[in-house]
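Undergrad: Here is how the chains run, residue by residue.
2 protein chains.
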Amino acid sequence: MSYVSKLCCTYCATTYPKTDLMNLCPKDGRPLEIIIDVAKVKEELPEFSWYRPQLKSMWRFGSLLALDINNEQDRRNIVSLGEGYTPEIPLHQHPLAKKHHFNLFLKDEGQPHKNFGSNPTGSFKDRGMSMAISMAKQFGVKKVVVPTQGNAGDSLAEYAMKANMESVVIMPDDTPMPILGRVSALAKMHDNVTIELVKGTIKEAGQLMKEKYVPQGYFNMATFQEPGWRIDGKKTLGLELAEPNDGLNQAWSLPDVVLYPTGGGTGILGMWKAFDELQALGLIGDKRPRVISVQSEKTAPVVNAFDSNQDDSTIVEAGETIATGLNVPGGVGHFKVLDIIRKSRGAALAVDENSIKENLKSIYHNYGIWICPEGAATLAAIEPAIERGLIQSGDKVVAFNTGSFEKYLPNVRKLLFV
Amino acid sequence: MSYVSKLCCTYCATTYPKTDLMNLCPKDGRPLEIIIDVAKVKEELPEFSWYRPQLKSMWRFGSLLALDINNEQDRRNIVSLGEGYTPEIPLHQHPLAKKHHFNLFLKDEGQPHKNFGSNPTGSFKDRGMSMAISMAKQFGVKKVVVPTQGNAGDSLAEYAMKANMESVVIMPDDTPMPILGRVSALAKMHDNVTIELVKGTIKEAGQLMKEKYVPQGYFNMATFQEPGWRIDGKKTLGLELAEPNDGLNQAWSLPDVVLYPTGGGTGILGMWKAFDELQALGLIGDKRPRVISVQSEKTAPVVNAFDSNQDDSTIVEAGETIATGLNVPGGVGHFKVLDIIRKSRGAALAVDENSIKENLKSIYHNYGIWICPEGAATLAAIEPAIERGLIQSGDKVVAFNTGSFEKYLPNVRKLLFV
Numbered sequence: 000m001s002y003v004s005k006l007c008c009t010y011c012a013t014t015y016p017k018t019d020l021m022n023l024c025p026k027d028g029r030p031l032e033i034i035i036d037v038a039k040v041k042e043e044l045p046e047f048s049w050y051r052p053q054l055k056s057m058w059r060f061g062s063l064l065a066l067d068i069n070n071e072q073d074r075r076n077i078v079s080l081g082e083g084y085t086p087e088i089p090l091h092q093h094p095l096a097k098k099h100h101f102n103l104f105l106k107d108e109g110q111p112h113k114n115f116g117s118n119p120t121g122s123f124k125d126r127g128m129s130m131a132i133s134m135a136k137q138f139g140v141k142k143v144v145v146p147t148q149g150n151a152g153d154s155l156a157e158y159a160m161k162a163n164m165e166s167v168v169i170m171p172d173d174t175p176m177p178i179l180g181r182v183s184a185l186a187k188m189h190d191n192v193t194i195e196l197v198k199g200t201i202k203e204a205g206q207l208m209k210e211k212y213v214p215q216g217y218f219n220m221a222t223f224q225e226p227g228w229r230i231d232g233k234k235t236l237g238l239e240l241a242e243p244n245d246g247l248n249q250a251w252s253l254p255d256v257v258l259y260p261t262g263g264g265t266g267i268l269g270m271w272k273a274f275d276e277l278q279a280l281g282l283i284g285d286k287r288p289r290v291i292s293v294q295s296e297k298t299a300p301v302v303n304a305f306d307s308n309q310d311d312s313t314i315v316e317a318g319e320t321i322a323t324g325l326n327v328p329g330g331v332g333h334f335k336v337l338d339i340i341r342k343s344r345g346a347a348l349a350v351d352e353n354s355i356k357e358n359l360k361s362i363y364h365n366y367g368i369w370i371c372p373e374g375a376a377t378l379a380a381i382e383p384a385i386e387r388g389l390i391q392s393g394d395k396v397v398a399f400n401t402g403s404f405e406k407y408l409p410n411v412r413k414l415l416f417v
Numbered sequence: 000m001s002y003v004s005k006l007c008c009t010y011c012a013t014t015y016p017k018t019d020l021m022n023l024c025p026k027d028g029r030p031l032e033i034i035i036d037v038a039k040v041k042e043e044l045p046e047f048s049w050y051r052p053q054l055k056s057m058w059r060f061g062s063l064l065a066l067d068i069n070n071e072q073d074r075r076n077i078v079s080l081g082e083g084y085t086p087e088i089p090l091h092q093h094p095l096a097k098k099h100h101f102n103l104f105l106k107d108e109g110q111p112h113k114n115f116g117s118n119p120t121g122s123f124k125d126r127g128m129s130m131a132i133s134m135a136k137q138f139g140v141k142k143v144v145v146p147t148q149g150n151a152g153d154s155l156a157e158y159a160m161k162a163n164m165e166s167v168v169i170m171p172d173d174t175p176m177p178i179l180g181r182v183s184a185l186a187k188m189h190d191n192v193t194i195e196l197v198k199g200t201i202k203e204a205g206q207l208m209k210e211k212y213v214p215q216g217y218f219n220m221a222t223f224q225e226p227g228w229r230i231d232g233k234k235t236l237g238l239e240l241a242e243p244n245d246g247l248n249q250a251w252s253l254p255d256v257v258l259y260p261t262g263g264g265t266g267i268l269g270m271w272k273a274f275d276e277l278q279a280l281g282l283i284g285d286k287r288p289r290v291i292s293v294q295s296e297k298t299a300p301v302v303n304a305f306d307s308n309q310d311d312s313t314i315v316e317a318g319e320t321i322a323t324g325l326n327v328p329g330g331v332g333h334f335k336v337l338d339i340i341r342k343s344r345g346a347a348l349a350v351d352e353n354s355i356k357e358n359l360k361s362i363y364h365n366y367g368i369w370i371c372p373e374g375a376a377t378l379a380a381i382e383p384a385i386e387r388g389l390i391q392s393g394d395k396v397v398a399f400n401t402g403s404f405e406k407y408l409p410n411v412r413k414l415l416f417v
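One line per chain: the protein sequences are P and H, in this order.
So in numbering that gives the first Met the number 0, spot 273 of the first sequence is number 272, and the numbers just go up one at a time.
So in numbering that gives the first Met the number 0, spot 308 of the second sequence is number 307, and the numbers just go up one at a time.
Okay, chain P solo, but in the shape it has when bound (with noise of 0.2 Å):
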């Protein structure tokens, strides 16, 4: 069995047993988080066992995750398509990367690379549904059902099939066609594939499977419902970050900046976490990354909040932009984003959609490299980042893409042509 000794309200701090199937915590309404008893990983497994770095996906971090590759019992419910393990693309002939004198890496979640992993449905979502399913078969749920933005909804069917679970996913009916045309088309080929479209966002679809998927017994997976499943799944973002490029012989190192696209905020949790534990495991200090937290200027909660010092976002209404995946209104997890990012001596950024626009268009032109709209915001804070001093010379930033830009066609295509 895993090192998963228990979960723990990320707001009150009240634990409750791992085998609990739950969702949110009950006392209010926060997003659990699995606590793994990392100093029991450190006293049973020295000198690595727990690690297995041949192993390209996000399961060769075996015994720091929920579910232990290492463990007979724990493999047999891993459902995995091969993702996670994604490289870091040095941008250095980037032009503010050049003139500050930094040095800029691109985290591609999107598109796959030659000796990595690589993310089935083409978007981090990968990371977190292949956990979440994962340990949705190990407490034997069979009716699984999400409520997206896009990306989480495609790579929810996917994992839900392989693990022959019958999965419901709600999705706004202008969400981009690779993401609604697919889902729709796994409905069409396979009895256990529902999709629901909603008028409005994420929010309206989330109100549909209270109303009609929830008592029908489908189990929540929306964001942080699950009880801390797809932050464990995001965590291996952060594990990554840290990873050396020869795993058992190098230092384990973060980078100075992370610059991070944040809709719901799972991956900014799942990230300060793995570093929270490679800290108790002993592989890196207290030093954190500076986490910039990344919005369009149209929906941009945490920015809000960030600039008017509150501790918990205010849902706000939402706006009209190209980074659908950011068209969040609110989210039960910004509270802990906003502490994470002031921890680190981050910030909230928030970016026009004019600048998204050209960041995609002349990383696909200069480097060929496939990026989402989310991915460009984050690049297009780094002019800001660097106003607010901070970037500065030497440091190392990585920026992270979250997914291809295939999946958000054809309205990307009108950006690189004509």
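In case anyone wonders, no lab produced these hints; they're calculated from the structure.
Fair warning: there could be bad hints in the mix.
Copies of the same chain look alike in the list, so a pair counts if it works inside one copy or between any two.
What the hints assert, rightly or not - Below, a list of computed lysine-lysine pairs in the BS3-like style, where the Cα atoms sit at most 30 Å apart: (1) K413 x K187; (2) K113 x K360; (3) K142 x K55; (4) K55 x K356; (5) K360 x K211; (6) K413 x K202; (7) K113 x K297; (8) K413 x K360; (9) K286 x K297; (10) K211 x K39; (11) K187 x K297; (12) K286 x K26.
Knowing the structure of chain P, use the given hints to seat chain H on it.
TA: Chain H only, in chain P's frame:
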């Protein structure tokens, strides 16, 4: 009203009134063509008054088409989404063009280009479907059905929706996801779009159409089964080949060689028809390009017939090719394709899968153009065409890229990366 005079069988030359709503020739089961009274166009509309060069779509050829945009009554039936009027992109740096001193151009039907028209569903099928749905509207047709290997499917659905017709699209269940997904999504979102999936190819799709939908009164829009409509749409490919940059002041002329990927062959019949009409109009002489019909060696009925001096193709087993649009085991119009390529002193050439993939990859990386596997097949045919003396020094050679690679994702993505 347009200058259509009658319908004529491409095989037995029997003519039928233009007011008949027919499918194949009842005498021999061969395709019908629409006859335009070009002599009358020439007499009544001198000095290019038939032509609308300011219009950035295939409808610019006004009175030469089966529906005439210059005519008030016809114009009300035209269902246009901006299709056609695509550029010939010079590939002057292509190694074979440089080595053998010919001028190579890619007629790009896939992605949008500045100052040109743009096929709304990203393939040449939009030309045929724009014309076919417009003609169906003129005839008062309310329900249409099409069997397809892919690109004709989403195209029909889009034009039928625009015309408020009911449509049924029947395709193989292994059709590339951007097409299968898009039609599934349209079917999910709109009551008047239906998708049916079959095991096999367009052949099995055609059987289901005849058994289930034709008896329910759906009009058969399969290649060649509508009475010459799709041929007359594809005819605009040939008109554009001849059209000078300034149609009013420069001479119209044809290239020396045309490389065209061949499934059913509508485009080849359409282009040949265009050349004859332009000659009748006095804009070009009797010289024709050498027409090279390109197929995948996996499914090559036209090449087999050409190589063995047969007048018609024999149905082959469907193969497995990345160029799914070429996976057409037989066709009622192949006799005419064979006739045209022989009259033109061209040929039919089969290319292997590896050369298709290599050409797709090199055009993407060297020119940034998103070609489809069928377009890559035409480029792969250049080398064998040179070896057979079909391309000579000084020739103007036009290879057709019939669609965007984005409609073949994720298969083609795997070729470009890793």
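Undergrad: If a hint holds in the structure, say so; if it does not, say that too.
TA: Hint check results:
1. K413 x K187: both (29 Å within a copy, 25 Å between copies)
2. K113 x K360: The answer is both: 23 Å in one copy and 16 Å across copies each meet 30 Å.
3. K142 x K55: Within one copy only: 29 Å inside a chain, 51 Å across chains, cut-off 30 Å.
4. K55 x K356: between (32 Å within a copy, 26 Å between copies)
5. K360 x K211: Neither: 41 Å inside a chain and 47 Å across chains, both beyond 30 Å.
6. K413 x K202: Classified as within; 28 Å inside a copy, 35 Å across copies.
7. K113 x K297: between (36 Å within a copy, 29 Å between copies)
8. K413 x K360: both (10 Å within a copy, 21 Å between copies)
9. K286 x K297: Neither: 33 Å inside a copy, 59 Å across copies.
10. K211 x K39: Neither: 42 Å inside a chain and 65 Å across chains, both beyond 30 Å.
11. K187 x K297: between (34 Å within a copy, 29 Å between copies)
12. K286 x K26: Classified as neither: same-chain Cα gap 32 Å, cross-chain 84 Å, threshold 30 Å.
Of the numbered hints stated above, those contradicted by the structure are hints 5, 9, 10 and 12, listed in ascending order.
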